[in-house]
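Chemist: Listed below are the residues making up each chain.
2 protein chains.
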Amino acid sequence: MNELLIVGSVALDSVRTPFGEVTEALGGSATYASYAASFFAPEVRLVGVVGEDFPKEHIGLLESRGIHMEGLQVAKGKTFRWAGAYEYDLNEAHTLATHLNVFETFKPQIPDSYRKSDFVFLANIDPELQLSVLDQVEKPKLVACDTMNLWIKMKPDALKRVLKRVDFLFINDGEARQFANTPSLVKAGRMLESWGPKYVVIKKGEHGALLFGNNSFFSAPAFPLEEVYDPTGAGDTFAGGFFGYVAKQGGDISEPNLRRAVVFGTAMASFTVEKFSLERLKTLTDEQLSARVRMLKELSHFDTP
Amino acid sequence: MNELLIVGSVALDSVRTPFGEVTEALGGSATYASYAASFFAPEVRLVGVVGEDFPKEHIGLLESRGIHMEGLQVAKGKTFRWAGAYEYDLNEAHTLATHLNVFETFKPQIPDSYRKSDFVFLANIDPELQLSVLDQVEKPKLVACDTMNLWIKMKPDALKRVLKRVDFLFINDGEARQFANTPSLVKAGRMLESWGPKYVVIKKGEHGALLFGNNSFFSAPAFPLEEVYDPTGAGDTFAGGFFGYVAKQGGDISEPNLRRAVVFGTAMASFTVEKFSLERLKTLTDEQLSARVRMLKELSHFDTP
Numbered sequence: 001m002n003e004l005l006i007v008g009s010v011a012l013d014s015v016r017t018p019f020g021e022v023t024e025a026l027g028g029s030a031t032y033a034s035y036a037a038s039f040f041a042p043e044v045r046l047v048g049v050v051g052e053d054f055p056k057e058h059i060g061l062l063e064s065r066g067i068h069m070e071g072l073q074v075a076k077g078k079t080f081r082w083a084g085a086y087e088y089d090l091n092e093a094h095t096l097a098t099h100l101n102v103f104e105t106f107k108p109q110i111p112d113s114y115r116k117s118d119f120v121f122l123a124n125i126d127p128e129l130q131l132s133v134l135d136q137v138e139k140p141k142l143v144a145c146d147t148m149n150l151w152i153k154m155k156p157d158a159l160k161r162v163l164k165r166v167d168f169l170f171i172n173d174g175e176a177r178q179f180a181n182t183p184s185l186v187k188a189g190r191m192l193e194s195w196g197p198k199y200v201v202i203k204k205g206e207h208g209a210l211l212f213g214n215n216s217f218f219s220a221p222a223f224p225l226e227e228v229y230d231p232t233g234a235g236d237t238f239a240g241g242f243f244g245y246v247a248k249q250g251g252d253i254s255e256p257n258l259r260r261a262v263v264f265g266t267a268m269a270s271f272t273v274e275k276f277s278l279e280r281l282k283t284l285t286d287e288q289l290s291a292r293v294r295m296l297k298e299l300s301h302f303d304t305p
Numbered sequence: 001m002n003e004l005l006i007v008g009s010v011a012l013d014s015v016r017t018p019f020g021e022v023t024e025a026l027g028g029s030a031t032y033a034s035y036a037a038s039f040f041a042p043e044v045r046l047v048g049v050v051g052e053d054f055p056k057e058h059i060g061l062l063e064s065r066g067i068h069m070e071g072l073q074v075a076k077g078k079t080f081r082w083a084g085a086y087e088y089d090l091n092e093a094h095t096l097a098t099h100l101n102v103f104e105t106f107k108p109q110i111p112d113s114y115r116k117s118d119f120v121f122l123a124n125i126d127p128e129l130q131l132s133v134l135d136q137v138e139k140p141k142l143v144a145c146d147t148m149n150l151w152i153k154m155k156p157d158a159l160k161r162v163l164k165r166v167d168f169l170f171i172n173d174g175e176a177r178q179f180a181n182t183p184s185l186v187k188a189g190r191m192l193e194s195w196g197p198k199y200v201v202i203k204k205g206e207h208g209a210l211l212f213g214n215n216s217f218f219s220a221p222a223f224p225l226e227e228v229y230d231p232t233g234a235g236d237t238f239a240g241g242f243f244g245y246v247a248k249q250g251g252d253i254s255e256p257n258l259r260r261a262v263v264f265g266t267a268m269a270s271f272t273v274e275k276f277s278l279e280r281l282k283t284l285t286d287e288q289l290s291a292r293v294r295m296l297k298e299l300s301h302f303d304t305p
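Quick mapping for you: the protein sequence lines, in order, are chains A and B.
Under the working numbering, the first residue of the first sequence carries the number 1, and numbering increases by one thereafter.
Under the working numbering, the first residue of the second sequence carries the number 1, and numbering increases by one thereafter.
Among these hints, one or two may not hold up.
Which copy? The list can't say, so a pair holds if one copy fits it or any two copies do.
Said to hold, decoys possible - 27 Å max Cα-Cα, derived DSS-like pairs, lysine-lysine:
#1 K56 to K297
#2 K248 to K153
#3 K160 to K141
#4 K160 to K297
#5 K78 to K160
#6 K248 to K139
#7 K187 to K204
#8 K297 to K198
#9 K187 to K275
#10 K164 to K275
#11 K204 to K297
#12 K187 to K107
#13 K160 to K282
#14 K141 to K282
#15 K107 to K297
#16 K141 to K107
Since the hints were derived computationally from the structure, they do not count as laboratory data.
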């Protein structure tokens, strides 16, 4: 009941920020999303691919959170590697190198035992692969997807086919403007919603997040961090936390519950960016997370006269 | 009691946006701020300068809102003119022409009857002029100031002297990062606060506003407009609305009241940008304003579990 299937990338990231650098650390959209979702969802099932060189301790780390790893294929060759750098303002990742390696020929194979997952999150991968996942699952209660600027540019039609089959789209502000071809985020959110998803969540980093859907609109604050150490994985963490929260509540898509899901995703992502890779999430407790949710409530509350 | 003195520019603006253009329309920091404040403050007193060519109907418009205009000097020469254009994304004004005219030799003269104003708002003008105003007033309850990138670059020391003498600083996000020399708005807000003001309000346009001060932090949403017609004057409107609201409440700087002031300023500014100049504010009713405040509450509200 309420299993959450997450399909996406598992990677080794080398990242440089103004605060330091890390080499071949655990990363990838499915990794961050699964780890975040494991704080909420009753059962998280990861599907992805790594190479023979993928360190076993990373698998152990994810298993220690109760994440089911049977869907992680180990293919001949090397694990997907990404190298990037952030400048002073940390707003944009500059890709230094992308080695797809085993990811280049990745065809998601959903294990038979996963086909009846109640919740399916298509983390950021090629939209054609996202479609192939949807062809393999049976009547999920809710489906969500994420994407990135590359697919908006290279495969807009495949991505639009994905949108027709999902309940939630997660997208960042720059990508939303790009895809909807308008500078107005409000217009972009409504336009993306009209292309298929019941709900659209626009992630704005330091400016919070916007939730569009069902004739409603929610503006969530960001958690006020003085320093963002490394923004890598923040969006994947947000989405995994959000959708894990929805799965935990059995797919409750009432407006109050979805707003809480946005806030839990926000709180979760605020921890990811405090250290490299999953370092901060590794030591995160439920109590620390709840405290940050309460702070988000406190810092955005006001009474009308 | 609770008079609000506002000193700043009164101008004729020529503005071009993707939606249209307007020539020599009423503008200026003191104009927008006074008009907005007149919705709240018991008595608004404007001090500024115009030339002999300034249309009488503009003065009539401000007087029709109950704004006291005895402090508006009419000097020999022409009124300050600004011409600017906004591109597609409306985020940044491109100045096409600035004709200071009578503003070039403007020395604010605070009429004797205004020297005991309870509230003083130094709208965006040369910080040396802002200092000269502070030398002319007697023990105001609260002082606020606004500024712009030009003064941060040209007169940072004078501006820092102003900050030591004010209770509130209004500044936009780009200027806050510029002045505090950090990409982090949270850090910038705290740093600016440490330079003197009890409270710092960072205006983020489409992303809302942040209030720092008194060991507290408030994140306010923006009002979700699909189209921003002309952003000119939004920041001045926000500040005038905010400080007018504080003046109306007799200078109540409790956290709940200041948060409400941010929200009223936000709602007020959301009307200004819907049309050129003060066109939308002219027809604004208290009920329309209150409705937007309630919508801001509704769209940002969430319950924690």
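Chemist: Decide, hint by hint, whether the structure agrees.
Modeler: Hints, one by one, checked against the model:
In this assembly of identical chains, the alpha carbons of K56 and K297 never lie at most 27 Å apart, being 39 Å within a copy and 49 Å across copies at closest. Taking the shortest Cα distances, K248 and K153 never come within 27 Å of each other, neither inside one copy (34 Å) nor across copies (52 Å). For a Cα distance limit of 27 Å, the shortest separation of K160 from K141 inside one copy, 20 Å, qualifies, whereas the shortest one across copies, 58 Å, does not. Taking CA atoms no more than 27 Å apart as the test, K160 paired with K297 passes in neither setting, with 35 Å inside one copy and 34 Å between copies.
For the homomeric pair K78 and K160, neither the shortest alpha-carbon distance inside one copy (31 Å) nor that between copies (56 Å) is at most 27 Å. Taking the shortest Cα distances, K248 and K139 sit within 27 Å of each other inside one copy (18 Å), while across copies they are farther apart (58 Å). Taking CA atoms no more than 27 Å apart as the test, K187 paired with K204 passes in both settings, with 15 Å inside one copy and 18 Å between copies. Taking the closest pair of Cα atoms, K297 and K198 come within 27 Å of each other both inside a single copy (25 Å) and across two copies (23 Å).
For the identical chains of this complex, K187 and K275 are inter-copy neighbours only, at 18 Å across copies versus 34 Å inside a copy, given an alpha-carbon limit of 27 Å. With identical chains, the CA atoms of K164 and K275 are never at most 27 Å apart, being 36 Å at best within one copy and 36 Å at best between copies. In this homomeric assembly, K204 and K297 come within 27 Å of each other (Cα to Cα) both inside a single copy, at 18 Å, and across copies, at 20 Å. Proximity of K187 to K107 under the C-alpha cut-off of 27 Å is found in neither arrangement, the shortest distances being 35 Å within a copy and 45 Å between copies.
Taking the shortest alpha-carbon separations for K160 and K282, neither the intra-copy value of 36 Å nor the inter-copy value of 43 Å comes in at or below 27 Å. Taking CA atoms no more than 27 Å apart as the test, K141 paired with K282 passes in neither setting, with 30 Å inside one copy and 50 Å between copies. With identical chains, the CA atoms of K107 and K297 are never at most 27 Å apart, being 42 Å at best within one copy and 46 Å at best between copies. Taking the closest pair of Cα atoms, K141 and K107 come within 27 Å of each other only inside a single copy of the chain (23 Å); across copies the shortest separation is 69 Å, beyond that limit.
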